[in-house]
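Visitor: The listed protein sequences derive, respectively, from chains A and B. Quick note on my numbering: the first sequence kicks off at 57 and runs consecutively. Quick note on my numbering: the second sequence kicks off at 57 and runs consecutively.
Don't take every hint at face value.
You can't tell identical chains apart in this list, so a pair holds if it fits in one copy or across any two.
With a cut-off of at most 27 Å between alpha-carbon atoms, the simulated DSS-like pairs for lysine-lysine come out as follows [said to hold, decoys possible]: (1) K127 with K180; (2) K111 with K83; (3) K127 with K165; (4) K127 with K152; (5) K111 with K152; (6) K152 with K118; (7) K165 with K111.
Just so you know, the hints here were simulated from the structure itself, not pulled from any lab data.
Next come the chains, spelled out residue by residue.
Number of protein chains: 2
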Amino acid sequence: MYIKLDPQSDFPIYSQLIHQLMEGILKGELKEGDMLPSVRSLAADLGINMHTVNKSYHELEKRGIIQIIPKSGAIVRLQHANTGSEHYERLVREMKPVLLEAMTLGMGKAEINGLVELLINEYKGE
Amino acid sequence: MYIKLDPQSDFPIYSQLIHQLMEGILKGELKEGDMLPSVRSLAADLGINMHTVNKSYHELEKRGIIQIIPKSGAIVRLQHANTGSEHYERLVREMKPVLLEAMTLGMGKAEINGLVELLINEYKGE
């Protein structure tokens, strides 16, 4: 898959890498059980620090998206964010401040739902 | 309004302060035109660094929620996140990665909409 990092983005490089790997999974370019590139080779390909790639991989593992197997590599291993699960609760924590800000800035329920729908469809390629 | 900071939270103190001030506005405890406490007095009340309060205030100003008037203070001045506005675009940027993660973790459109609805109602006290 093709990864493009933007040094001008609001998001730090490690977050951009996380987002792009998640997009790769959603698009089916990376599938359950697939091996990710080694930290060393991905860092070299992207011209970024190995620590940055390492940070992204560990964050993806914490988020239930990949599994890091010591001395072997990282593979895609998706956990479902079932209601009440650790991953679900983290999503709730992450979503709250964005919704809070939207509401503070005067967006109503219908407007927010519309935006969420739009973004979901974008990712689903609809 | 009552502000409670949690040193154990995933969110840094300045973010927690931002969230609580936004909640205060949503609950009507802080209204358009209200003066916020001075940086010095809020920092003293909360037992945190003045730089932290200052960072929160500047972030809230950037987000179109308050206005900082030099040598006078910070007042609530809400800008509406109209479609296409700078504030709307920032919300889109913030919402995308959360939705991306939810979808990667197998949540479908209905599940995500349900969660968003739930959280909105929570803030609206419904």
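Visitor: Look at each hint and say if it fits the structure.
Guide: Outcome of the hint check:
no., hint, in the structure
1, K127 with K180, "neither (35 Å within a copy, 50 Å between copies)"
2, K111 with K83, "within (23 Å within a copy, 38 Å between copies)"
3, K127 with K165, "neither (48 Å within a copy, 38 Å between copies)"
4, K127 with K152, "neither (38 Å within a copy, 33 Å between copies)"
5, K111 with K152, "both (24 Å within a copy, 20 Å between copies)"
6, K152 with K118, "both (20 Å within a copy, 19 Å between copies)"
7, K165 with K111, "neither (36 Å within a copy, 29 Å between copies)"
Of the numbered hints given earlier, the model fails hints 1, 3, 4, 7; all others are met.
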